[in-house]
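A.B. asks: Listed below are the residues making up each chain.
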Amino acid sequence: MSGSNIRRTPLERIEYAIIVSTLLLLVVITVQPILNLLAVSLSDPKQVPGMGGLTVVPRGFSLDVWSLLIQNPNVLRGLGNSAFITIVGTLLSVIFTAMMAWGLSRPKLPGRRILFVMVLITIVFEPGMIPDFFVNKRLGLINTYWSLIFFKLVNAWYLIILIRFFEEVPEELLEAAELDGANAFQIFFKVVLPLAKPALATITLFYLVFRWNEFFRAMLYLNDQSMWPLQLVLRQFVVEGDKLAMVGVQNMNNYTGASQIDMRALKAGIILLTIAPVLLIYPLILKFFTKGTMSGALKG
Amino acid sequence: MDTSAEQRAKDLGASGNVPKIARDQHAGLLAGKLVLGLRKWWPYYVMMAPGIIFFLVLHYYPIWEAKIAFEQLRIIPPNIWVGLKHFQTLLASPIFYQVLLNTLIISGMKLIFVFPVPIMVALMLNEVRGGSLRKFIQSAIYLPHFLSWVVIAGIFIAALSPSDGAVNQITGFFGMAPVSYMTDSGSIRWVLVFSEIWRSAGWDSLLYLAAIIAIDQQLYDAAEMDGANRWQKILHVTIPGITPTIATIFILNAGMFLSADLNQVINFQNDVVRSQIDIVDTYVYRIGLQTGEYSLATAAGLFKAVMGMILILMAHLVSKRLTGKGVW
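Top to bottom, those sequences are chains Z and L. full-length UniProt numbering puts the first residue of the first sequence at 1, with every later residue one more than the last. full-length UniProt numbering puts the first residue of the second sequence at 1, with every later residue one more than the last.
Derived from the structure by calculation, the hints contain no laboratory data. Each hint should be verified, as a subset may be incorrect.
[What the hints assert, rightly or not] Calculated pairs, SDA-like style, for lysine to any residue (alpha carbon to alpha carbon, straight line, at most 20 Å):
hint	chain 1	residue 1	chain 2	residue 2
1	Z	LYS197	Z	ILE281
2	L	LYS67	L	LYS85
3	L	LYS40	Z	PHE125
4	Z	LYS137	Z	MET219
5	Z	LYS243	L	ASP271
6	L	LYS135	Z	PRO107
7	L	LYS135	Z	GLN32
8	Z	LYS137	L	GLU293
9	L	LYS135	Z	ILE281
10	Z	LYS287	L	HIS145
11	L	LYS135	Z	GLU171
12	L	LYS233	Z	TYR16
13	Z	LYS46	Z	ILE261
14	Z	LYS243	Z	LEU76
15	Z	LYS137	L	ILE76
16	Z	LYS190	Z	LYS46
17	Z	LYS197	Z	ARG106
18	L	LYS233	Z	GLU15
19	L	LYS33	Z	LYS190
20	Z	LYS190	Z	VAL169
21	L	LYS67	Z	GLU126
22	L	LYS135	Z	ARG106
23	Z	LYS243	Z	ILE114
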């Protein structure tokens, strides 16, 4: 490949430049809107009203927006709710998905085919949000965090990913453990799970992102606004334009300089706050997802 | 590896290709096998129990609950069975047709305008020579896939603002009057298209890129020997090489045609543009959980679910026939 570099014609060089600049334009379109919000949220509140959407440099500098945000009880509660639902939900999801996948990956498991079909049917046929709502109501889950934690507790697609992975666990390893007197539980938790670390990490990240981003089921199941995840607090304020979501309960003017806080800056801040945890694990996502998806192909 | 392949071959034989007599004997031994099986397999069932219970309670119980689509709900049970009455009401309602039409238009626009973008991105990424340059581009364009639709709607509301949004600044530079895209009924469907591209073009290109990298390098070398240039190589080696992947993903998307992505649409809706982007799912949400017409809403949801199921199964069969690879 390096050889062909030398033989490049001028036309090919122009083509290459066009391709690379198109991709770099894509990068700008992806990243610039987020950087603009960051600049707006960090600017001096008095200067925000004149700021355009193209700038990525703050005008003046102030942390007013951020200090307002981290003092806002609705935002803090939203953060806490989201963290709880995300962490507890992900933990349960990962362990239940792994345990079920292990059973289903054993070719001789009695009833394997029936269970498999049972899972596949749920991918193909979803009766919809109203029956889901009624079942949650029947079970007394409405207005509890459990309604969200139980939603897609075991994701059929991630289950299939793990089954495929577990099917590749070498039989000899299991037989050796069995000869050592390990029972089925010990084999799973001490031999299989450690082997499955990359696959487990991948679905853990999948579940984390899914749970952190979920908002619609919270709209359905949580009437009590104090239980809302951050996504819904953000939605009410930014998408529905309801300022009360942010500042209604307290008097806005109680904050120093709050009367000068630009709503746009506050919106930018809360959007970024909602993205922040995703950005935090994004390097891990890149590491596991891209490797996972690419390595299979690279072998070929 | 070899042993597991052998194992699988044996299992296939046991369930499929064994003569009938042998299978009958198999059935006779079933009771005895059950006892033996229970002794060996109960730990596996204990481990699978939470998952199985989850699927039964939160996927199969709702299927049973969907019977309210055929019932007249009463405050004091039992409900009255009314058969297909709610479905007739639905199909006689012009609003439902509008909603169905909106769904098809939005899905159709996405299939035409969103679907090809990640393929082009993958083709371009594959041309990038520098490993670190490519990695940099990838790290940036994959990000939006991991943001929620609430966040993306927030970003688009800011970027499309008529007073200080980036888009209107750019069009203003070319002398165009500002447009409030979020509240413009002529633009809102395009906003859905572009926000979908913004969110998924990068990440979805990964699937195609993986398929491209899997193409045998010798094919490229041979093409180069024959004096093929960049475009000829793309046209005659790369694109044929990823056609099965394209087909599979196309068919998979076609199977989702009646969904049109509730999570997206519900965040781009407002009173001004609702009629343009009211889809089946937002309709179900509105008449069901906001107005309380549970039976009618369930009927609409069930209609979508059954049509969706037919589409997915068709997609699966077509995909299997064309590429030998199903949806699952």
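A.B. asks: Can the restraint linking LYS135 of chain L and GLU171 of chain Z be considered satisfied, given a maximum Cα separation of 20 Å?
C.D. replies: Violated. LYS135 of chain L to GLU171 of chain Z sits at ~37 Å, over the 20 Å cutoff.
A.B. asks: Please verify whether LYS67 of chain L and GLU126 of chain Z have alpha carbons no more than 20 Å apart.
C.D. replies: Judged against 20 Å, a Cα distance of about 13 Å means the pair holds.
A.B. asks: Given the proposed pairing of LYS197 of chain Z with ILE281 of chain Z, does the C-alpha separation stay at or below 20 Å?
C.D. replies: Satisfied, since the Cα-Cα distance of roughly 17 Å is no more than 20 Å.
A.B. asks: Between LYS137 of chain Z and GLU293 of chain L, is the straight-line Cα distance small enough, at 20 Å or below?
C.D. replies: 16 Å, holds
A.B. asks: Please verify whether LYS40 of chain L and PHE125 of chain Z have alpha carbons no more than 20 Å apart.
C.D. replies: Violated - the C-alpha atoms of PHE125 of chain Z and LYS40 of chain L are around 33 Å apart, more than 20 Å.
A.B. asks: Is LYS233 of chain L within 20 Å of GLU15 of chain Z, Cα to Cα?
C.D. replies: 14 Å, holds
A.B. asks: Quick one, are LYS137 of chain Z and MET219 of chain Z close enough, alpha carbons at most 20 Å?
C.D. replies: The hint holds at about 14 Å.
A.B. asks: Can you confirm whether the C-alpha distance between LYS135 of chain L and GLN32 of chain Z stays at or below 20 Å?
C.D. replies: 18 Å, holds
A.B. asks: Can the restraint linking LYS33 of chain L and LYS190 of chain Z be considered satisfied, given a maximum Cα separation of 20 Å?
C.D. replies: 29 Å, violated
A.B. asks: Is LYS67 of chain L close enough to LYS85 of chain L, meaning Cα to Cα at most 20 Å?
C.D. replies: 13 Å, holds
A.B. asks: Holds or violated: LYS243 of chain Z and LEU76 of chain Z, Cα atoms, limit 20 Å.
C.D. replies: 16 Å, holds
A.B. asks: Is LYS197 of chain Z close enough to ARG106 of chain Z, meaning Cα to Cα at most 20 Å?
C.D. replies: Answer holds: LYS197 of chain Z to ARG106 of chain Z is near 19 Å, not above 20 Å.
Comparing the model with each numbered hint stated earlier shows that hints 3, 6, 11, 16, 19, 22 and 23 do not hold.
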